[in-house]
Each structure stands twice: as structure tokens, then as C-alpha cells.
Amino acid sequence: MKRLRWVAIQMLPIAGALGAAILLATLISVLMGVSPGVLLRTLLSRFGSYAWGQVLFRATFLTFTGLAVALVFQAGLFNIGAEGQAVAGSLACAAAGIVLAGAPPGIALLLCIIAAFAGGAVWGWVPGWLKARFGTHEVINTIMLNFIALAGSNFVMTRCLAQPETVRTAMVRATLPKLETWFGTMRGSAANSSLLIAILAVVAAHYFLHHTPAGLALRAVGRGGPQARMAGIAAGRWSIAAFALGGGCAGLVGTNFVLGYKHYYEDGFTGGIGFLGIAVALVARNEPLGVLPAALLFGFLSESGLLVNTLLPREMVDVLTGAILLVFIASERLRSRRLRGAS
Amino acid sequence: MASGAYASAPDIELEAITRRFGATVANDRIDLHLRPASIHALVGENGAGKSTLMRILFGLLHPDSGRIRVDGIATRFSSPAQALARGIGMIHQHFMLVPAMTVLENIILGADGQRSLRRISYERLSDELSALFASYGFDLSPRARVESLGVGERQRVEIARLLFRGAKLLICDEPTAVLAPPEVAAFFENLRRFRDEGRTIVFITHKLAEVLEIADRVTVLRRGRVVGEMGREEMDRDRLVRMIMGGGEPGAGPGDWTAPPVAGGEAAVLAARDVTCGTGSEPPALEGIDLDLRAGEILGIAGVIGNGQRELGEVISGRRAFSRGRLRWGEHEIGPGGACPRTHRPALIPEDRSSEGLIGSFRLWENLLLGRGTEPACLHPLWYSHRGARSWARPILEKFRVEPLMPDYPADALSGGNQQKVLCAREISRDRPVLVACQPTRGIDLASTRFIHDMLRDYRARGRSVLLISADLDEILELTDRVGVLYRGRLGTPRPRLGLDLDQLGREMVGVSP
Amino acid sequence: MSGLALVISVVAQTLRISVPYALASLGGVFSERGGVVNIALEGILLNGAFFAVVGTHFTGSPYAGMLCAMLGGLLTAALHALVTIHARADQIVSGLAINIMAFGLTRGGLRVIFHSASNSARIPSPDSILGRLLPGTGPLGDVLGDPVFLLAVALLAGSLVFLFRTGLGLALRTAGEHPEAVHSAGFSVARLRWMGVLASGLLAGLGGAYLAFEQHSFTDQMSGGRGYIALAAMIVGKWHPLGAAAACVLFGAAETLQIRLQGSGAPTQLLQMLPFILTILVLVGWVGRSVAPAAVGRPYDPEESDG
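Protein chains in written order, with the numbering used here: chain A, 1 to 343; chain B, 344 to 857; chain C, 858 to 1164.
If you're looking for bench data, these hints aren't it; they were derived computationally from the structure.
Where hints are given, some of them may not hold.
Said to hold, decoys possible - Under 7 Å between C-beta atoms, here's a sample of chain A residues computed to sit facing chain C:
no., residue
1, Val34
2, Ser35
3, Gly37
4, Val38
5, Leu40
6, Phe78
7, Gly135
8, Met144
9, Phe155
10, Glu180
11, Ile278
12, Met316
13, Thr321
14, Gly322
15, Arg333
As the list claims (entries may be wrong) - Here are some of the chain B residues that sit facing chain A, going by a computed Cβ distance under 10 Å:
no., residue
16, Val413
17, Leu522
18, Leu551
19, Glu553
20, Leu555
21, Ala664
22, Arg688
23, Leu691
24, Ser697
25, Asn710
26, Arg831
To be verified - Derived CB-CB ranges, DEER-like:
no., chain 1, residue 1, chain 2, residue 2, range
27, B, Glu741, C, Asp1158, 46 to 56 Å
28, B, Ser469, C, Ala1103, 37 to 47 Å
29, A, Arg3, B, Glu741, 53 to 63 Å
Beta carbons: idealized from backbone N, C-alpha and C, even for Gly.
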């Protein structure tokens, strides 16, 4: 019985947040003159296997950026730079793909994946190092680096990588098969095998955090900085490591977009996945295993917004996301108070 | 404004006050009567509930049940604002002063006439305060920044703040904890004067000598309950000790002080020369520390907390940098800019177990593993299962008699004594040549204290060395082979414990040199 | 353009660009001095700009737009205050969530009200007061006489008086340094912090209005990171209104430089990066010199006690 009560209290914030979201959505649709019933029916009718494929596609992005934020949160820091890290990783992935055009496909694929991780890891290393070395505000630094990454990517594209007369790079030979080739459903959607990479990343992150001494040290730095220092753990080193690992996960976004979907790189596809990654990580309580369902949730939300685009502006999804986050963190404090009182 | 002298303080009665924090009952149906124009002492061990009770009186906390009567009328103080309005003021153990602001700003904060958008007339207030300081003999400047003041001066600022707001009842929480003896005397002078002006003083302390010196009445708390109350005439040291400790022999006796020290090896496993640890303008936390630690000995560093113990523990264990001197662990020697390599780093039991020792939300086995990932005796360096971790942790917890013996429990579910045992278990089982133990038995029960002492002796018997930094003189005298006194960052030359003159030691601890 | 005219033009442009930064930064000072981190400044700027445009569009009066902007900023800040002070939730996440909502709200509003994905209808901006009195003072007169600019200067002066010369301002500052002390002195920490956060909403909202009036319209995501840079300016300015304003002028100068260099052949994207790189470098350089209010970022719960 106590177990059940404990689970119920854990679920409270997310249930509350979802409830708030549904209420808000209803309110907005009423304000805009759309009947909530019509909204719901339209949504259900349009949600076919293609839509589910798109949900998985979005969720793959959000899993990578969610991990990026969650890993760094576990070390006690804020990674608002997942978008910039995703850009860096994707660009690196495409560049590697172009350079390795002549190589055997299996090797090229592997190296492209590694390049994606490495690109993001480097971009993530910067704010981590700045924080460890100088103690500067990682929130502001990561946000600045987002802008710099976007401008930088634009620069690199227009100067060297983009094909003439287009805004995209050359085609990359190394590819990941779409999910529809494995499963036969979700035809036409963008969902691809990088979902498997995402799942692998989640599992790896979980094992790293909870079953290795390195992960323990990282979590200790996040949960008890002074205690970790007294026990002989160098906080700075682990801050940097967390940022680099997180950045690398964000960089893997490139496998989804470049390797699995478009087979080239173009600017602008990363809009907003960095911030959404924060929402995902928080709802998952920074646990890698929770990132997957949370990513699916927000992917679902995002796709729903697109599907009812004819009735309500799709930007409503952003408003709902923000509201979910606010209600979630507000009720989180209540939850921890409740738990402490009960123990 | 400052008191109309001889306007009388209110008569305060606390009835059946009860307050819980989670599972702990901090105050259990406490009755207390504070008569005007008296000095009332509130005594008890750490955690007896004294501070909680006074914070309730001051409106910082709400009682779960009970009443407060002011001049006979039942009142509720739901905020310090209300308490202050009735003339109740509090000087906290940890001062409520803002270091970055001036004396004047700290004093006028929230005073009548200074709460709104009206412009502060700094000139007028400065003059007013200077007059107030002069009348009570406080050597303070209104424009000085609090961060530049010493501890005794800061306390005077706190007092001045209450006087400025016309407080009639002054609550002082462990006011002499950080004062030197001459400052204590001056402080008591002021207390007597306040009482003669008609104010009531409530004085929280665990130092019996002070109670005997100054109090008109004393109330003794133990584990959240009132266990006794006495007027000045009936006060007796032994009776008080028995009330505080709880029956039986006071403190169940210190250990065998005459046991000869274990003969240590000659080689010094750790040596410090002229180690200084300071930051710029303030006086250095440590100055010119010289010490040698031999194999198989326990070296005790005695002293009142706040004289550099924390910094000494952190520097010697390689967790903190120092600005001058040399430090050697084994064969590895470094100067000011250097760092201690992992292999030579001593184990450290930090001063504060809850904010520096264990991570409350981590489980016991996680806490035991903290910082030990690369040790060979530990689990596999790359990967471990939770079951494996638990079975690794269980024998360690068992050896240290930790209760409950559940490696999966979060650390904050354990009592203070058991938490300290877990912390000691972690550091002792690292089996380093040197262990630095800071206040290892502070605030824990007697049984756990004894057990930890036995573990430390056992550690020494295996040829390891311990640097024991403790404010508990009994502990020092019981465990150590040599003793040095740390006072204001300077270390007296360590001497053999056997045959030490205790009074001499006590005097050195408060800075009265031989 | 003659030398003097060029200088005047650059100075005027710098001042113009600095105003939104300065207002947002001043708002940040109020909020953080009280103890609440306000990452939502970016969203408040955006909302302020949007509300200004909507208000002006529907009433025809830029002054109504200004009021709408301040109201919008106030409401946004109230949401942040509710979540961080009342519910004691994490302040940084709350700020980020509000920014996400602001992006969605303004972009959606753009689409719904103005039927465009990128910009709104054109709106008039308030006439320069000085310009009306003394025609012919050129760009500098336009800037200095702009009502919002004048209001900003007045608010800056007012904030100096409030923070450092009144008892309430002293209490606000203490709420960010040592909330227990101000509670012990008889104030409500929550009420003081609400005050600081609402003030930041008012100020940043006004800053957003200025942004909108500059462009004579609302464009998607027009805040462009200014809210975050304003926070950096606040840090550089040591949480002092004048320091923050001065730092904002510095950032404004950098942005002016970047705009002026755009035609010169240096790659535009690299120039665009300038303000952001500058922010990072400045923050590194200021390490150790700038100490935040001691209790900023931590919710205050008087009932949480170690007894």
C-alpha cells in the first residue's frame, strides 16, 4: 500500500501538468472559437500510422537533446546549449559523410555517427570548461553558444559546404534505413533507425550513471558538491565530462536528420529542440530511462499541434509545453515536501 | 527609539508548546515562564530543543500546538514582525547581519519609520546611533561594513539593533560561543545593565559556568522536554549536569586518561612546515603551522571551534590550497601551488557530516563508494551491479554496527550517530596511512561515540596515523598520544599527552598563554 | 558624411540600441537584488514588444501601446513570481518555460491577429518630445527626446533613489543577500521578492515596447537574445543600476559596430556572432570581480529549520 502511495505521489506532478495542459488547450480552443469536441475528433481522425512515424521521428530528436540536458543536470549544471550542440554535431556528421563518400558504407556510417557525437561533444565541452576554469554562468554561456553555432553553421554552409544554388550540402552516402523498411508501417514518415541509436544511448547513459564509479562521481558532484569534494572527487573535471557527454548526445541528432532522413545537412532544422530537451529532461526527472517516454510525450504533443494546424495555430504547442513545465516544477516542490513529511 | 529605561518588559508565558520536524519532536509540551527584569537561562545538550523554542517565541516558526501568553493574554506570533512589535527581539547563533552592508544599514533594517519609501536620513541616524553606541560603551562606527568587523563587534551590532528597536525582551542564542573571555565579561556587564533597566533576557547556552555566573533562573531541556527549573539560590553544578545528561553518572566518565600512549614509529608519515592559509585582507585562517605525524600515533589538535580547525583539516588532507610553507605526505612534498596526488591523499572525516560528509539522498552503499571508484579493494572499476554493491557494502556496515543494516537506505534516514558511523566507516576502510578526523563524534550519542573511539584506536593499532581535530577535550585526552592546541590559526607545539596539565591546556585553548 | 555627423549618428544609434538592453537589465537588477533569478527577461521583452504593437495597432496611440507593453510585462513577470516565490520552484527552469511560452504566444498571436508568419502591420512610434520642441536636432535629438527614452532615464534615476535611499529599497536588497535577516527584521520576504519581480516585468516590458517602436512593427523572435545579454550586463554592472546601464551601452556599441560593418565585406554571420562572443569574453574577464547577491536563486522557506 505504501508502495502504491509512493508511486501515486511520484506521478502527481506529471498528471497535474498534463491536466493543466488539457485545460489550457480547451481554453485556447474555446477562445479561438473552435469546439473542443471538434478539435479532439479532428486529432483522432488524422492520427494514422504516418503520424505515429512522425512522432517517433520527433521523439528521436528529443531523446538526444533530453539526454544532453539530463546528463548535465545530474552533474548539477544547466545545459541550455543542446541546440547549438546539435548543430555542431549534425554539421560534423554531414562533413564526415561528404569526406568519406568513397569509403565502404559500413565504415563510413560508423565514422559519421562518431563524428556527430564528437562534434556535439566539442561544442558542449566549451561551456563546461568555462564553468570549471572560470566559474562563469553556464546558462548565459550555453545560450550565447547556441546563437554562435547557428551563425557559424550558416557561415560554413554559405562559404564551403552548401551546394551551389541550394541551402543544403551534397548528399551523404552513408545512410540509416527508414523504419518503414524494417516494419512496413509508418509509410512516408521520417522515422528511421537512428531511433535504435537513441535507445542505445539511453541505456548506455543509464548504465553509466547508475552502474559505474564514474557515473557515481558525476552524480555526487551534482547532488552534493561539498561532500564530493571532501571525498576527494574533483568537481571541475566531472562538470566538463558531463557537458562533453551531454553535448555528444545532442550531436547525435545528426544521425536522425542527416543519416536517417534527408541524407544531407541544411540549416534551420534544429529550431527549438534544445529548449524542448529541457522540458523532456525535467519531466523525466533527469533519469535516462525516463527520457524516452518523456520524449515520446512531447513528440506526440508536437505532432498533434501540426495535425490540428487548420483549426488552431501550431504555436499553441509551445504555450502548452511551457505551461506543462511550469505546473510540473511547481508541483514537484509540493511532491518533495509531501514525501519528506511522510517519511 | 532606544528604550525608555525602566519601562517594564512584558510577562511571557509559554504553555504546552509542541513542535515536530518530520519524525523528530523538537519541543514536547514545554512550559516556560519568563518574568520581567530577569535573566533566564535555557540549557541543554545539542538538539535538546532550545533554539526551536525561542524561534517559536520570536515568530520565526509556528508551534504545532500550545499557547503563548503576553501579560496574561493569549497571543500568536506568526512572524518576527509581530514579535518585534511587542518588544521581543532575538540575537541568533548565526548572526542575522548582512556582511556586505554597513552597521547603520543593518541596524535600521525594518525599524519603525524605515520601512517605506521615505528617504533615509543617513546623517541623523548616524548621529543617533553614535550616541547609542557611546551610552553602552560599544566601540562601533555606523559607516563601517559589517564584513570588516570581528565577531565580538558583530554581536554588539546585533545587540544595538535590538536596542534601537526598543526591545524589552532579548533572546540570545549561544551568545558566548564565539567570544573570547574578556569579551564575555563585557557582554555579561551589558546583560546586567539591561536587566536593571527592566528588560528580560533569555540566554540559551550549554556552558554551565555561565549559567552559574549570570542567570537568575535556569530551565533545563532534554530531548525536547523540560526536565527541571531552578532559581539562583538553588543552582548547583552537579544537579544541573545530572539534569542535562539524564541521570546516572555525569557523562559516564571520561576514559582512562592515564593509559600510556602507544609508542609510534619514528618516521614521519606527514610533515607540515610553516603552512599558512590565508586570503588577502583578513587575518589568515592558519599561520605558520608546524607539525609531524608519526606512524602508528594519534595526534590530537585541541581548540574551540572557529580557530582554524576546518582549514587545518582540509589543508592537511590535501583538499585545500595553502599560500605559504611546505607539506609532505610520505615522500611526496609540495609547495603552495601544488596538489596532493590521489595515491598519497589522506582520508578525511569532515567537520559537518550532513553538508560535507554524506549525501543525504544517496543510499548508504553509494555513500560508501564515494570517491573510491579506483581503489583495488573496491568493486570493479568499470561497472557494478546494485546487488554486488549491496553485498560489498553490507559487511562494512555490519563491522561498524550501523543501524538499520540496510545498504539501500538513503543516508538521511539514519540517526546522527549512525550517519557518523557510516562516514567513519567509509574513511577508515580506505585504510590510508593518514586519517584526518574533524570533530568525529560531534552531536552523537554516547554509544556511537565509544564505538568510533574504539575504531580509531584499532586504526592506530594497525600502524596507521590519525590527526584528530576536536573541540571535545575528553575525547582528546582519551584517544591521543600527543596534543597540540590550535588557537586563532596558530598551533602550539604538540606535547605528549601523558602527564599534561589540564588547566594549562584549557587556558591555551582560550589564548591565555603560560 | 562629415566627421561630426558620423560621430553623432553613431552615438545616437548606440543609445537607441542600448535602451531595450538597459531597461531589461535594470529589471534584472530589481529581480535579482530581491533574490530571484529572472531568465524570463527574454520572454518579457518579446511579450512587451508584441503587446505594444497590438495595443498601438488597435487604439492608434503609441502611448496606449506603451501601457499595454508594461501590462504585458507585468503579467508575464507575475507568472514567474507565482511559480518561483509562491511554489518555490526552480527559478531558472521557470524562466526558460516562460520564454518558450512567449515564443509560442507571440508567434501564434502574429499569425492569428496579423495573418503573417514573420511580421505584423506597421505601427507609428511615439513622437520625439524634443523633436517637437526643437525641430532640426537630428538623430541625437530624436533619441534623447523619445518618450520611452526619457521614461527610461527617469526610471533609472528613480531606481537609484529607491534602492539606496529608502527603507523599502534596503529591505529589498537584504532579501537577496540574507532573507532570514530581513524576515527577522519583520518583513515578508515573499512580498519583497514579488515587488522585485514585478518591477522587472514592468521595466523589461517597456524595453520591449521600445524595440517594437524602433522597428515600427513586431517581427518573429525579435528579442534575439537581448534578454540574456541584459543579464550578462547586469553581472558586469555588479547588480548596480548605473553599472548595468553602462554595460548595456557597451553592448549597444558592439551591436552598432556590427551593423556598421555589415556592408564592409566582412562575413555577415561572423559579425552577427560578435555580441554573443563578446558576452562570453566579458563574463570571463569579470570573474571574481562581480559577486551576486548572496541568496539569489534560492527559494526562501522560513519553516525549513535545523532546529
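Unmet hints by their number, sorted upward, for this structure: Going through the list in order, the structure violates hints 1, 2, 3, 4, 5, 10, 16, 17, 18, 19, 20, 21, 26, 27, 28, 29 and respects the others.
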